[in-house]
Amino acid sequence: MDFLQPRSWAEALEAKAAHPGAVPIAGGTDVMVELNFDKHRPEALLDLNRVDDLAQWWTEDGRVRLGAGVSYSRVIDELGDTLPGLAMASRTVGSPQIRNRGTVGGNLGAASPAGDAHPALLAAEASVEVASTRGTRSIPIAEFYTGVKRNALEPDELVAAIWVTPPSGPQQFSKIGTRNAMVISVAAFGLALHPDRRTVGTGIGSAAPTPRRAPDAESFLAGELDWDGRRELADSVAREFGERVRAAASPIDDVRGTAAYRLHSLSVMARRALAWAWHDYQRAA
Amino acid sequence: MRITTTVNGESRQVDDVWPGESLLYVLRERMGLPGSKNACEQGECGSCTVYLDNVPVCACLVAAGQAQDRDITTVEGLADGEDLHPVQQCFVEAGAVQCGFCTPGLIVAAHDLLAREPQPSDPEIREALAGNLCRCTGYEKILDAVRLAADRMATT
Ligand SMILES: Cc1cc2nc3c(=O)[nH]c(=O)nc-3n(C[C@H](O)[C@H](O)[C@H](O)COP(=O)(O)OP(=O)(O)OC[C@H]3O[C@@H](n4cnc5c(N)ncnc54)[C@H](O)[C@@H]3O)c2cc1C
Ligand code: FES
Ligand code: FES
Numbered sequence: 001m002d003f004l005q006p007r008s009w010a011e012a013l014e015a016k017a018a019h020p021g022a023v024p025i026a027g028g029t030d031v032m033v034e035l036n037f038d039k040h041r042p043e044a045l046l047d048l049n050r051v052d053d054l055a056q057w058w059t060e061d062g063r064v065r066l067g068a069g070v071s072y073s074r075v076i077d078e079l080g081d082t083l084p085g086l087a088m089a090s091r092t093v094g095s096p097q098i099r100n101r102g103t104v105g106g107n108l109g110a111a112s113p114a115g116d117a118h119p120a121l122l123a124a125e126a127s128v129e130v131a132s133t134r135g136t137r138s139i140p141i142a143e144f145y146t147g148v149k150r151n152a153l154e155p156d157e158l159v160a161a162i163w164v165t166p167p168s169g170p171q172q173f174s175k176i177g178t179r180n181a182m183v184i185s186v187a188a189f190g191l192a193l194h195p196d197r198r199t200v201g202t203g204i205g206s207a208a209p210t211p212r213r214a215p216d217a218e219s220f221l222a223g224e225l226d227w228d229g230r231r232e233l234a235d236s237v238a239r240e241f242g243e244r245v246r247a248a249a250s251p252i253d254d255v256r257g258t259a260a261y262r263l264h265s266l267s268v269m270a271r272r273a274l275a276w277a278w279h280d281y282q283r284a285a
Numbered sequence: 001m002r003i004t005t006t007v008n009g010e011s012r013q014v015d016d017v018w019p020g021e022s023l024l025y026v027l028r029e030r031m032g033l034p035g036s037k038n039a040c041e042q043g044e045c046g047s048c049t050v051y052l053d054n055v056p057v058c059a060c061l062v063a064a065g066q067a068q069d070r071d072i073t074t075v076e077g078l079a080d081g082e083d084l085h086p087v088q089q090c091f092v093e094a095g096a097v098q099c100g101f102c103t104p105g106l107i108v109a110a111h112d113l114l115a116r117e118p119q120p121s122d123p124e125i126r127e128a129l130a131g132n133l134c135r136c137t138g139y140e141k142i143l144d145a146v147r148l149a150a151d152r153m154a155t156t
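Top to bottom, those sequences are chains R and L. Quick note: the first sequence, position 125, residue 125 per the numbering used here, numbers continuous. Quick note: the second sequence, position 11, residue 11 per the numbering used here, numbers continuous.
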């Protein structure tokens, strides 16, 4: 097995083009588990830790460009106010040691339906910048997930960055699991209110083959919210929103929970996330 | 492949490393530093916690090649010669060590916490140690040890 260690982004893309079967490794918190348990012997590892560009974030044209190699710990410390939904999701990942190494780009690379970054990125309507020696393209986040642990990357492509517009309204993230730390979600939900566009963003985790949005719940809620008057939210609206989020999911039974429990918890999390977000929105007035 | 790193302040070089092996394996089996423990090899237990460039990580999840030219501190690097670091001393005094398997990882995690936050609250201690499992103590004595270390480090 080769160990490829590019020192720049250009070198990384050349290495991936020359070795499409090479497995990129960033924080290693998914890749090393596979290697340690001999589940997988790739022809090569492509270490991205030396590519400085990947570990940077900056703001450009009003949007945050989050390098694929920025760790959860740094999202929490440096972007808590700018990307609140993603920071909330990041706080729930694994443990301090896992958050110190694990990256948002690695979450996208793994594309697990249970990845915690996904509901937040879906709700925020992020886009993924991917690149190869052939060029760069931008993929809307909802189109990035193509199947169970599958994503839209071509064999010669790498994730360069995630683009997220800082929110014009409140964001929430909610995750249910068997304990508070070190837990893969049984179900998760991300919510973003976008008062500038008068739209709503949602993201569902662990309750379908891929992370996904709940479009019907989004348009329903966008039409019901009193964006100008910020009046109290009717219980019936919150409940209906929860039901529509639930209807968008298609979970399975597995070791972490039953499909029925996932559906129920999603409707509850959606309702609660909405209540918290609406409360924030009212207070911000 | 050949790996050169700084471990506990000393430059170390090892040859014939398989690129897919973990930093934990390199430390324990190739460098003779068995302080960091191997319990799960999947990031769940924290008993392999070391500093990688001053950041606590699970050594079992760092690929050997990723440690090239990096600065690593293991539990062996915390004492000052024969004198235990206050965090280590307080674990002993508080009775926070039973079988001791989790101890090296907890010591590194607690050491990092107290470096960042010299007077942590109980929830902060729990959060900082959330990635370290102990099957013996029930954690109460470990919390005592960290509180004791915080007090002692404040007065010395
Ligand atoms: C103990 C433990 C607890 C965990 N808890 C959680 C949790 O609570 N929530 C959660 O969501 N996840 C959790 N995880 C999973 C993991 O930490 C996350 O998926 C993390 O985001 C992976 O990031 P990484 O940088 O470590 O990825 P790596 O392991 O380095 O890579 C993951 C995948 O992405 C690919 N990849 C990495 N970077 C790129 C890139 N730039 N371009 C293309 N492909 C790339 C790799 O080839 C691989 O397929 C946990 C893992 C462990 C071991
Ligand atoms: S051995 Fe590394 S976390 Fe358990
Ligand atoms: S003392 Fe035995 S596992 Fe902690």
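Since the hints were made in silico from the structure, they are not lab data. Beta carbons: idealized from backbone N, C-alpha and C, even for Gly. It cannot be assumed that every hint is accurate.
[Unchecked claim] Residues of chain R clear of chain L, computed beta-carbon distances all greater than 12 Å: (1) D30; (2) D47; (3) E243.
[Claimed, not checked] What the simulated footprint calls covered on chain L by chain R, stretch by stretch (three residues with Cβ under 8 Å from a Cβ of chain R suffice, anywhere in the stretch; the number is not a length): (4) 61–71; (5) 92–102; (6) 127–133.
Checked hints:
1. D30: 9 Å, violated
2. D47: R/D47 is in fact no farther than 12 Å from some Cβ atom of chain L, at 6 Å.
3. E243: 34 Å, holds
4. 61–71: Since 6 is at least three, the answer is holds.
5. 92–102: violated (count 0)
6. 127–133: Coverage by chain R holds for the region 127–133 of chain L (5 residues, Cβ < 8 Å).
When each numbered hint is compared with the structure, violations occur for hints 1, 2 and 5.
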